[in-house]
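Read off the chains here:
2 protein chains.
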Amino acid sequence: MLTNPRSDRVKAVRALSRRSVRSRTGEFLAEGPQAVREAVAFRPDLVRDVYVTPEAAQRHTAIVEAAQAAGLRVHDVSPDVLAAMCDTESPQGIAAVCRVLDVPLHEALADLPPDALVCVLTNVRDPGNAGTVIRGADAAGADAVLVSDASVDVYNSKVVRSTVGSLWHLPLSVGAPVPEILAALRERGVRLLAADGAGTTLLHDADLSGAHAWVMGNEAWGLPQEVRDACDDVVRVPIHGHAESLNLAMAATICLYTSAEAHRSAR
Amino acid sequence: MLTNPRSDRVKAVRALSRRSVRSRTGEFLAEGPQAVREAVAFRPDLVRDVYVTPEAAQRHTAIVEAAQAAGLRVHDVSPDVLAAMCDTESPQGIAAVCRVLDVPLHEALADLPPDALVCVLTNVRDPGNAGTVIRGADAAGADAVLVSDASVDVYNSKVVRSTVGSLWHLPLSVGAPVPEILAALRERGVRLLAADGAGTTLLHDADLSGAHAWVMGNEAWGLPQEVRDACDDVVRVPIHGHAESLNLAMAATICLYTSAEAHRSAR
Numbered sequence: 001m002l003t004n005p006r007s008d009r010v011k012a013v014r015a016l017s018r019r020s021v022r023s024r025t026g027e028f029l030a031e032g033p034q035a036v037r038e039a040v041a042f043r044p045d046l047v048r049d050v051y052v053t054p055e056a057a058q059r060h061t062a063i064v065e066a067a068q069a070a071g072l073r074v075h076d077v078s079p080d081v082l083a084a085m086c087d088t089e090s091p092q093g094i095a096a097v098c099r100v101l102d103v104p105l106h107e108a109l110a111d112l113p114p115d116a117l118v119c120v121l122t123n124v125r126d127p128g129n130a131g132t133v134i135r136g137a138d139a140a141g142a143d144a145v146l147v148s149d150a151s152v153d154v155y156n157s158k159v160v161r162s163t164v165g166s167l168w169h170l171p172l173s174v175g176a177p178v179p180e181i182l183a184a185l186r187e188r189g190v191r192l193l194a195a196d197g198a199g200t201t202l203l204h205d206a207d208l209s210g211a212h213a214w215v216m217g218n219e220a221w222g223l224p225q226e227v228r229d230a231c232d233d234v235v236r237v238p239i240h241g242h243a244e245s246l247n248l249a250m251a252a253t254i255c256l257y258t259s260a261e262a263h264r265s266a267r
Numbered sequence: 001m002l003t004n005p006r007s008d009r010v011k012a013v014r015a016l017s018r019r020s021v022r023s024r025t026g027e028f029l030a031e032g033p034q035a036v037r038e039a040v041a042f043r044p045d046l047v048r049d050v051y052v053t054p055e056a057a058q059r060h061t062a063i064v065e066a067a068q069a070a071g072l073r074v075h076d077v078s079p080d081v082l083a084a085m086c087d088t089e090s091p092q093g094i095a096a097v098c099r100v101l102d103v104p105l106h107e108a109l110a111d112l113p114p115d116a117l118v119c120v121l122t123n124v125r126d127p128g129n130a131g132t133v134i135r136g137a138d139a140a141g142a143d144a145v146l147v148s149d150a151s152v153d154v155y156n157s158k159v160v161r162s163t164v165g166s167l168w169h170l171p172l173s174v175g176a177p178v179p180e181i182l183a184a185l186r187e188r189g190v191r192l193l194a195a196d197g198a199g200t201t202l203l204h205d206a207d208l209s210g211a212h213a214w215v216m217g218n219e220a221w222g223l224p225q226e227v228r229d230a231c232d233d234v235v236r237v238p239i240h241g242h243a244e245s246l247n248l249a250m251a252a253t254i255c256l257y258t259s260a261e262a263h264r265s266a267r
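Residue numbers (the UniProt record's numbering), protein chains in the order written: chain A, 1 to 267; chain B, 1 to 267.
Honestly, the hints are just simulated from the structure, not real lab data.
Certain hints may be false.
[Claimed, not checked] Some chain A residues near chain B, calculated using beta-carbon distances under 8 Å:
#1 D102
#2 R135
#3 H169
#4 P171
#5 G175
#6 W221
#7 N247
#8 A249
[Unchecked claim] Here are some of the chain B residues that sit facing chain A, going by a computed Cβ distance under 10 Å:
#9 M1
#10 W168
#11 T200
#12 H240
#13 A243
[To be verified] Covered stretches of chain B, as calculated for chain A (at least 3 residues, CB under 8 Å):
#14 127-138
#15 247-256
Just so you know, even glycine gets a beta-carbon here, dropped at the ideal spot from N, CA and C.
Could you put together the complete structure from these sequences and hints?
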C-alpha cells in the first residue's frame, strides 16, 4: 500500500495535471471509476498504472478485476495518496495513468463508412463543453472526433471527466490546423457542415445524407468567416422561443443526433 | 455612487444568496448582463433595483437605457460593492434584485396551445443541469417549464446564470409535487412522456404529435417506477456508440428539439 503523499511517484502523477508535463511524457491521469473503467475496457494497452483506495477497491471490484485480468499494475493507495495525485476534489478513490490516445488525422479517418458522421471541434476552449461534445458524439455514433489546434487540451482532467469515458470510445485526432482537417475530410468525400448561429440553412432543411462532418466553433465567437466559407453549408439550429442561443454542447448534440437519425432512417 | 461594501443595503442583497432569505423575501439576484438584460426586457415589473459599475454602465449602455426607460431604479456602485453583493466570482459589473417569477401550476398551464410542449423537471439537483434544461426548453419553444418539489431552487445563482436569461422567457411553476403536476397535465389533455434510459420506446418511434410533456428525472437515478407508470410512454434517447448515457441536459434538449421538429413538420 502506498501511503506517502509526498513520494516521488505521487509527485510524478500529480505533475500530469500540467499540460507541459502531459505533452513531454505522453501520459495523463484518468480520474474516477467511469474513466478508469472505460480505459481498462477499451484501451488496456494504454493504461500504465491503476491506483485505488481500499474502499474504492471494494466498491468497484469489477474494474479492479478487469484491470488485473488485463495484466495491468493495480496499486493499493491510501486516500491521502489518491487525493494528492488527483486534480479533482473527489476522485472517488480510483485513478489511472494512461498513455495519450489520439492518432494522426489520416489514421482517425482511415476506416470511415460510406455514411460517416464526424465531429470537428475548432478553437473550443471550455473543458466541460469539449468533454460533453465528445460524449455526445460518442452517443450519436460518430465515427471520429477531430480537435483542432488552439483548442483546450483533451487530456485536461475536466475534459476527461466530462467525456464520462467516451474519450476511449472513438478515433480521436488532436492538434491539426483547421484547414488541414477540412482538406482531409473533403479529400475523403466527407461533406462539411458548419454549425453556426449565423447560418442561413435551418437544421431541418440541411442535407444530412451520406458522409458529413459537423464543424463546431468557439463557445463565444462561433466560426470565423474563412472556415464557414470553406464548408459546403452553414447550418443553424432553429431557436423557437426567446432564447438568445444554445450552448456549444447542446447545439453539437442536436446536430449530431439529427444526423444520426437521418442516417438511421435512410438505412 | 454606492461605495461601502459593508452597508446594510449590500448585506441585504448579499443575503439573497441564501435560499431561506429568497423564500422569505420573494426576491433573488440576477447577476451579469445577460440575466439583467432579459429581466429588464421581459419582466421589468419584477425588477426592483439594478446595480451597475461605471465600467459596466459604459459597456452595457443598452441595458441601462432600457432599465431607465422602464422607470427602474439604476444605482451606480463601485466594483467592490458589486462583488460584495454577488455570488459569482465575475458578475461582469451588473446585477439586479428581482421578484421571483414563478406562478401557480394552473396559471403556468392556462394558455397552452393545442400542440403544447411542456418540460417537467423532477428531483433535478444540479444547478447547471436545471438551468441548461430551462434554456433548452426555451430554445425548443416549450410553452411551460414545471419544476417539482425536491428540486434545486431555480433562483440559485448558478441556475439563473445557466439559463442565460431564459428564466424570464416562459411560464414557470416551481414546488408542486410530481403527482399533482402529472394530474394537472393529464386533465388538460397533455400526453406524458417519461424520458428515461430504461424506456422501451426509442425516441424516433415515440408519438410526438399533439400536446405532450417531457418528464425528466434526477441526474443520477432517473425516474422512479411510480412516475414512469404514471406516464403514457417511457422513451429513451438511442445511444448509437459506446457512451453509457447522455447527461440530463443533453437528453432533455434532444427530446424537446425532436418534439419541436415533429410539431413543426406537422404544421
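Each hint tested on the structure:
Hint status for D102/A relative to chain B: violated, with the closest Cβ pair at about 17 Å, above 8 Å. The beta carbon of R135/A comes within 6 Å of a beta carbon in chain B, closer than 8 Å, and the hint placing it at the interface holds. Because the beta carbon of H169/A sits about 4 Å from the nearest beta carbon in chain B, less than 8 Å, this interface hint is met. Taking 8 Å as the C-beta contact cut-off toward chain B, the hint placing P171/A at the interface is violated, the least distance being around 11 Å.
Violation of the interface hint for G175/A is found here, the shortest Cβ-Cβ separation to chain B being roughly 23 Å, above the 8 Å cut-off. For W221/A, the interface hint is violated, since its Cβ never comes within 8 Å of a Cβ in chain B; the closest pair sits about 16 Å apart. Of the supplied interface hints, the one on N247/A holds, with its beta-carbon coming within about 7 Å of a beta-carbon of chain B, less than 8 Å. With 8 Å as the threshold, the beta carbon of A249/A comes within range of chain B, its nearest partner Cβ sitting at about 7 Å, so the hint holds.
With a cut of 10 Å, the hint placing M1/B at the interface with chain A is violated, because the nearest CB-to-CB distance is about 30 Å. At a threshold of 10 Å, the smallest CB-CB gap from W168/B to chain A is about 8 Å, leaving the interface hint in force. A hinted interface residue such as T200/B counts as satisfied when its beta carbon comes closer than 10 Å to some beta carbon of chain A; here the least separation is about 18 Å, so the hint is violated. Hint status for H240/B relative to chain A: holds, with the closest Cβ pair at about 3 Å, below 10 Å.
With a least beta-carbon distance of about 4 Å to chain A, the hint placing A243/B at the interface is held under the 10 Å criterion. Evaluation of the coverage hint for the stretch 127-138 of chain B: fulfilled, as 5 residues show C-beta separations to chain A shorter than 8 Å, against a requirement of three. Here the stretch 247-256 of chain B counts 5 residues with a CB under 8 Å from a CB of chain A, which clears the bar of 3, and the coverage holds.
In summary, the structure is inconsistent with hints 1, 4, 5, 6, 9, 11 from the numbered list given earlier, while agreeing with the others.
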